[in-house]
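Here are the chains, one letter per residue:
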Amino acid sequence: MTGGLKVYYVPWRPFLMQNTFPTFYGTFPIIRTILLREKISLVHGHQAFSTLCHETLMHSRTMGYKVVFTDHSLYGFADAGSIHMNKVLQFTLADVTRAICVSHTSKENTVLRSGLPPEKVFVIPNAVDTAMFKPAQVRLGRDEIVIVVISRLVYRKGADLLVEVIPEVCRLYPNLEMRNCQFSCFFTSYQQGYEMVRFFCYLCPLVRYSAMRVRFIVGGDGPKRVRLEEMREKHSLQDRVEMLGAVPHASVRSVLISGHIFLNSSLTEAFCIAILEAASCGLLTVSTRVGGVPEAYDMIVLAEPDPCDMVHAIRKAISILPNIDPQVMHDRMKNLYNWNDVAKRTEIVYNRALKCSDQSLLERLSRYLSCGAWAGKLFCLVMIIDFLIWRLLELLQPAKDIEEVPDVALPCNQRGERIEEIFHWKTE
Amino acid sequence: MGKISMAYIHEGEWPPGTVDIHIVKKSLRKAVSVAILLLPFACIFLSFREISATLILWRLLLSGHFVILLLLLWNPVHKESVVIMPAFGVQLETYYASGRIIRRFIPAGEILKPVLLECVTPVTCYWSLSLLVRGKEELVLVFKELRPPMKMLLPVWKALCASMENKESAVTSGEVEGG
Numbered sequence: 078m079t080g081g082l083k084v085y086y087v088p089w090r091p092f093l094m095q096n097t098f099p100t101f102y103g104t105f106p107i108i109r110t111i112l113l114r115e116k117i118s119l120v121h122g123h124q125a126f127s128t129l130c131h132e133t134l135m136h137s138r139t140m141g142y143k144v145v146f147t148d149h150s151l152y153g154f155a156d157a158g159s160i161h162m163n164k165v166l167q168f169t170l171a172d173v174t175r176a177i178c179v180s181h182t183s184k185e186n187t188v189l190r191s192g193l194p195p196e197k198v199f200v201i202p203n204a205v206d207t208a209m210f211k212p213a214q215v216r217l218g219r220d221e222i223v224i225v226v227i228s229r230l231v232y233r234k235g236a237d238l239l240v241e242v243i244p245e246v247c248r249l250y251p252n253l254e255m256r257n258c259q260f261s262c263f264f265t266s267y268q269q270g271y272e273m274v275r276f277f278c279y280l281c282p283l284v285r286y287s288a289m290r291v292r293f294i295v296g297g298d299g300p301k302r303v304r305l306e307e308m309r310e311k312h313s314l315q316d317r318v319e320m321l322g323a324v325p326h327a328s329v330r331s332v333l334i335s336g337h338i339f340l341n342s343s344l345t346e347a348f349c350i351a352i353l354e355a356a357s358c359g360l361l362t363v364s365t366r367v368g369g370v371p372e373a374y375d376m377i378v379l380a381e382p383d384p385c386d387m388v389h390a391i392r393k394a395i396s397i398l399p400n401i402d403p404q405v406m407h408d409r410m411k412n413l414y415n416w417n418d419v420a421k422r423t424e425i426v427y428n429r430a431l432k433c434s435d436q437s438l439l440e441r442l443s444r445y446l447s448c449g450a451w452a453g454k455l456f457c458l459v460m461i462i463d464f465l466i467w468r469l470l471e472l473l474q475p476a477k478d479i480e481e482v483p484d485v486a487l488p489c490n491q492r493g494e495r496i497e498e499i500f501h502w503k504t505e
Numbered sequence: 006m007g008k009i010s011m012a013y014i015h016e017g018e019w020p021p022g023t024v025d026i027h028i029v030k031k032s033l034r035k036a037v038s039v040a041i042l043l044l045p046f047a048c049i050f051l052s053f054r055e056i057s058a059t060l061i062l063w064r065l066l067l068s069g070h071f072v073i074l075l076l077l078l079w080n081p082v083h084k085e086s087v088v089i090m091p092a093f094g095v096q097l098e099t100y101y102a103s104g105r106i107i108r109r110f111i112p113a114g115e116i117l118k119p120v121l122l123e124c125v126t127p128v129t130c131y132w133s134l135s136l137l138v139r140g141k142e143e144l145v146l147v148f149k150e151l152r153p154p155m156k157m158l159l160p161v162w163k164a165l166c167a168s169m170e171n172k173e174s175a176v177t178s179g180e181v182e183g184g
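Protein chains in written order, with the numbering used here: chain A, 78 to 505; chain B, 6 to 184.
There's no promise every hint is true.
Some but not every residue of chain A turned toward chain B, in silico, with C-beta under 7 Å [stated by the list, open to error]:
| no. | residue |
| --- | --- |
| 1 | 85 |
| 2 | 89 |
| 3 | 91 |
| 4 | 107 |
| 5 | 110 |
| 6 | 476 |
| 7 | 480 |
Derived EDC-like pairs (lysine to aspartate or glutamate); straight-line CA-CA distance at most 16 Å [as the list claims (entries may be wrong)]:
| no. | chain 1 | residue 1 | chain 2 | residue 2 |
| --- | --- | --- | --- | --- |
| 8 | A | 83 | B | 123 |
| 9 | B | 156 | A | 478 |
| 10 | B | 156 | A | 481 |
| 11 | B | 156 | A | 480 |
Derived by calculation from the structure, the hints in this document are not laboratory data. Note that CB positions come from ideal geometry on N, CA and C, so glycine has one too.
Could you build all of it, start to finish, from the sequences and the hints given here?
Pasting the structure below:
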């Protein structure tokens with residue numbers, strides 16, 4: 078393995094949402110070859126919706142490896158898709174050595190869905206690269222409040238909420254030119270003038286409150302983008318709602334630092350890294366109170382996933398904006414979230430997994446039987462066939478015939494920098 | 006040295022200093038044993054005297070003529086060799102069991118670099134030795150049909166690299182003398 082990291086692009090064609098076609102046993106030969114040639118000790122899979130992950134974990138357990146699974150999302154219990162997905166997860170996690178979840182809410186959700194014992198599940202939140210996500214060097218002015226939304230424009234990310242919230246916020250903060258207006262009135266009587274003065278005194282606080290211009294920047298793409306475009310047209314907000322389309326990850330920071338407030342309208346979220354990135358860039362976050370969002374940090378203005386509540390939360394955020402120092406927020410994120418810390422905690426999970434005892438096929442089959450009256454038996458049959466296929470592969474291509482890959486140590490120059498390429502192409 | 010079914014032979018330079026030949030031979034025992042195993046199935050189905058559409062279809066599908074056809078068309082590779090001629094280039098040869106030989110010559114001036122790569126297929130992963138050739142988008146496989154293990158590829162790769170270095174030093178000294 079080169080420098081501790083190597084990527085195999087297994088050429089199985091993706092068929093739905095970047096997932097490979099579920100074949101149960103089709104990936105066994107290539108997975109077995111990779112595990113043996115790279116001298117793997119432990120297998121770590123991610124994502125409940127990844128068919129390759131589930132198959133790899135299944136084959137790895139058959140071959141006797143310790144496996145760790147990380148769940149990154151929250152799922153429901155009621156709809157047909159969730160019911161089937163939960164059953165698949167139950168099958169995979171029935172025999173997993175350890176599991177990792179990204180928030181306590183996610184842990185509760187995973188334990189309920191899969192029936193995994195809670196003591197086997199660890200909580201390790203994601204971190205953020207604070208070196209990359211830094212506040213703007215020049216602080217933005219407060220004449221215009223810019224609210225940034227960066228997410229996939231899909232149902233789960235609350236795009237429908239945005240369609241309701243944005244026009245309302247724009248209505249509350251109209252682009253009034255009253256600051257620059259000069260009023261001239263001719264009063265026919267003293268009484269009329271007195272009444273007009275009283276009216277303007279009443280109006281002034283509201284005018285001052287609403288004289289702040291609010292603008293939205295929406296980054297991201299998805300099936301709900303059309304709805305947002307329609308909303309923009311319907312309410313004539315072309316000059317106040319800017320649609321950027323898909324934003325490459327390398328450009329996310331440049332979009333974030335152009336705003337004061339980050340708006341997250343997700344309907345479900347295990348742990349929202351986007352919020353951390355926004356906070357690291359010094360933005361005040363307004364988010365729906367769903368899933369693991371409240372666990373991220375305490376400076377989030379939370380709202381129920383309801384348009385009225387979200388509008389109220391945005392108004393509250395605008396009012397407390399003058400008290401927010403972007404640099405202080407960035408430093409706080411730097412102290413709270415660190416990828417080195419995540420790596421250390423993950424290593425602890427790996428060590429715990431490696432210390433677990435090996436189990437025979439019969440012991441493992443008993444765990445699958447507890448998955449359900451019919452499902453348990455089906456799962457056992459699947460694992461028995463997997464075991465037989467493994468023995469067949471051992472017969473056709475014994476492990477000793479699979480060459481182990483040498484570990485390649487990258488040479489370092491005197492300054493300690495890594496030299497990336499070993500095989501350099503000769504160019505003309 | 007060799008795998009169970011492969012053997013590596015280095016025939017050395019002939020005459021000394023000019024040509025370097027590396028051969029990888031594959032044993033045909035596996036191919037012959039597979040053919041012997043399949044032959045009884047062919048004989049069983051050929052022995053049926055009754056001729057009917059259904060039976061002909063089953064015979065074709067399961068065994069019988071299909072097996073015989075397979076045996077006739079299957080032309081396993083007997084050996085592949087690499088002939089390195091530092092002054093001229095590299096000749097890649099593929100020898101089939103039927104006696105057919107396919108030769109490919111790559112002039113020395115067109116070879117940019119020999120590289121060892123890991124190839125990933127949907128079912129396996131293996132090492133391969135390829136040549137980066139000037140003007141070609143794709144790499145040229147040195148061993149096109151066989152998949153020798155790394156310990157057989159390594160000496161061939163080293164010999165190819167050495168011949169490239171000799172070519173470069175010859176070019177450099179020629180430039181110095183001419184200048």
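Taking only the CA atoms, is the gap from residue 156 of chain B to residue 480 of chain A under or equal to 16 Å? This hinted pair holds, its Cα atoms lying about 9 Å apart.
query: Keeping to a limit of 16 Å between CA atoms, is the pair of residue 83 of chain A and residue 123 of chain B held or broken?
result: 12 Å, holds
Regarding the hint that residue 91 of chain A lies at the interface with chain B, is the smallest CB-CB distance below 7 Å? Hint on residue 91 of chain A: violated, closest Cβ of chain B at ~13 Å, above 7 Å.
Is the hint on residue 107 of chain A kept, meaning its closest Cβ partner in chain B is under 7 Å away?
5 Å, holds
- Item | Restraint outcome when residue 480 of chain A is required to lie within 7 Å of chain B by C-beta distance | Nearest chain B Cβ about 5 Å off; hint holds.
### Message
Restraint: residue 476 of chain A near chain B, CB-CB cut 7 Å. Satisfied or not?
### Response
Since chain B brings no Cβ nearer than about 13 Å to residue 476 of chain A, farther than 7 Å, the hint is violated.
Problem set entry | Hint status (Cβ of residue 110 of chain A to nearest Cβ of chain B, threshold 7 Å) | 5 Å, holds
- Query: Are the Cα atoms of residue 156 of chain B and residue 481 of chain A separated by 16 Å or less?
  - Reply: 11 Å, holds
Quiz prompt | Proposed interface contact between residue 89 of chain A and chain B, which counts if any beta carbon pair is under 7 Å | solution = 6 Å, holds
Between residue 156 of chain B and residue 478 of chain A, does the CA-CA distance stay at or below 16 Å?
Measuring from Cα to Cα gives roughly 12 Å; hence the hint holds.
- Cut-off 7 Å, beta-carbon criterion: hint that residue 85 of chain A touches chain B: 6 Å, holds
Checked against the numbered hints above, the structure violates hints 3, 6; every other hint is satisfied.
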